[in-house]
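Protein chains: 2
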Amino acid sequence: MNEFDLISKYFAPLAGPEGLGLLDDAAHFSPTPGFDLVLTKDAMVEGVHFPKGEYGADVAQRLLRVNLSDIAAKAASPRGYLISLAWPKSVELSLIESFAEGLRAVQEEFKIHLWGGDTVSIDGPAVFSATLIGECPKGMAVKRRGAKPGDDIWLTGYLGKGYFGLRAISELRGDRDMFYRLPPRNQLTNLLRTFGTASVDISDGFIADLSHILEVSHVSGIVDLDRLQFPLEIKNWLASDKGDLERLLTHGDDYEIIFTAHEDHRLAIEKAAADLPFNLTWVGQCGLGEGLKLVQDGKEVTFVRSGYSHF
Amino acid sequence: MNEFDLISKYFAPLAGPEGLGLLDDAAHFSPTPGFDLVLTKDAMVEGVHFPKGEYGADVAQRLLRVNLSDIAAKAASPRGYLISLAWPKSVELSLIESFAEGLRAVQEEFKIHLWGGDTVSIDGPAVFSATLIGECPKGMAVKRRGAKPGDDIWLTGYLGKGYFGLRAISELRGDRDMFYRLPPRNQLTNLLRTFGTASVDISDGFIADLSHILEVSHVSGIVDLDRLQFPLEIKNWLASDKGDLERLLTHGDDYEIIFTAHEDHRLAIEKAAADLPFNLTWVGQCGLGEGLKLVQDGKEVTFVRSGYSHF
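Top to bottom, those sequences are chains R and A.
Position in the first sequence (first residue = 1) + 1 = the working numbering.
Position in the second sequence (first residue = 1) + 1 = the working numbering.
Any given hint might turn out to be false.
Identical chains blur together in the list; that is why a pair holds if it fits in one copy or across any two.
[Claimed, not checked] Below, computed lysine-lysine pairings styled on BS3-like, alpha-carbon distance capped at 30 Å:
#1 10 / 243
#2 272 / 112
#3 90 / 53
#4 149 / 10
#5 294 / 10
#6 139 / 112
Hints listed in this document are in silico derivations from the structure and should not be mistaken for laboratory results.
One chain only, chain R, in its complex shape (with noise of 0.2 Å):
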């Protein structure tokens, strides 16, 4: 099969009015009047972002919901997306199947569509990239700029999926679907809009990522971590010999989001957090100055890892 059929037979089906039918050399997308893009782009590499042979359903469902996260913590809502896709000369057709439909579930899921890229061939390990596209009402998109002294410090759900979700993968113990189907927090986006005044979603870890924050916001932070909400698995994990809190502070792929808002506001977004399907916890705030001070049973507790490095 050449990858003209390829194409044709399982990623056409998946292209929305702007993929063209992937029958053309670019996509062409009307933005909506009034609103900004926001674009981001992330690769995933064969034996290093996921498990050797691993590349059907699962990691294309990991690939768009890496994307996906980044543009909630943006306070975007997803249009489309274009993937370029490496396979291994090797590669039987059951797998690309597969990864088709691992991105038809995540399509359906978050009312997506396939706007274009390409299929090439590699001798290696596969490789894959999706580039994601949403939109936000003008100047409504938020960064990670913009946090001021004072502000709360806000975080979805809980921390743990990085590192649990890669011992599942690697140790074959625990949720896979910590590490495939990781969600992203797509409802905070309304939230987040109104009150958010800095954002980041959780790829280098806790303390790595609110950190970016800080630092690009130029304020100082501190979290009280006897704030931080586990699951009852998890939370046990904590209280046991093996249990290790720095970890899940340092482990990256959490993809949760830190923000920032008003400490005014703190009780509206407990009201807004209501009808969220996750967990929103306030868990600090900003002040003057520089640097992030960590906060356990009233006492300042220091750790020596960072987040994760390619290099």
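Chain R is already provided as a structure; the job is to place chain A on it using the hints.
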């Protein structure tokens, strides 16, 4: 040097305002009111799309130029791009620096900026992908579909850059710039917006790509091969023992533009073309029915080879 240092040293200086210094999760772009977006994404794999080890400034040039060609073929003006770069673990920093210099040179020539993307490592060949975003006044982007029976078929420049460019880099003879510094025909944009009914850039080969237009437009085509123009060097090669016109017609990667236009506009197009820095040649005509007919010395000719396929 970790990925953050890498990005801040080599790539952040290339970021436009939309890229927020590459310090955010996503790019922010305010589309020009009344304009549509045109988006394209292409990947390149070391050892497949460019020679092993050659991933400095040259391949960065080619990566952007190939994508700029797609944008030019749709009559859009390029605005910005996102990249995903997978570097072999053994990469030398000087190559990354050189790659960034290649990006900068193209940015300056085409007035585009880096908006975002990511950098990862790979235990295998280098893989680079770029997503390029262009704008075009609403409804004026030219698609592959749209040629009508009776329309003229036009070709920019000349065929042969793909074949001779590949020979230059694989057999180390001839002009490497034919491969790495291919000139996207973006000066054609105004003419194409005004007159073009359908358009494509030549990535799969003249015959294959013209056939793409004919098929999705549901028209036939006839091309007079005697009308094709070539620089003296290629003309001499064609007249020699080794000359092989079929090769130039079927080899991909020429990145010239084939477009169709109503025959009534032939003179107006010729007049407008006088200002272009490259040839624009009327090579044939569309008709009822389907299929592509090639004529040489007044007789129909048939060729065996088709365009390049990856699988």
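Hints and how they fare:
1. In this assembly of identical chains, the alpha carbons of residue 10 and residue 243 never lie at most 30 Å apart, being 48 Å within a copy and 39 Å across copies at closest.
2. Proximity of residue 272 and residue 112 under a CA criterion of 30 Å is satisfied intra-copy only: 27 Å inside one chain copy versus 47 Å between copies.
3. Both within a single protomer and between protomers do residue 90 and residue 53 lie at most 30 Å apart by alpha-carbon distance, with minima of 14 Å and 17 Å respectively.
4. In the homo-oligomer, the alpha carbons of residue 149 and residue 10 lie at most 30 Å apart only across protomers (28 Å), although the nearest pairing inside one protomer, at 51 Å, exceeds that limit.
5. In the homo-oligomer, the alpha carbons of residue 294 and residue 10 lie at most 30 Å apart only across protomers (28 Å), although the nearest pairing inside one protomer, at 54 Å, exceeds that limit.
6. When the C-alpha separation of residue 139 and residue 112 is checked against a cutoff of 30 Å, the pair qualifies both within a copy, at 21 Å, and between copies, at 24 Å.
Checked against the numbered hints above, the structure breaks only hint 1 and satisfies the rest.
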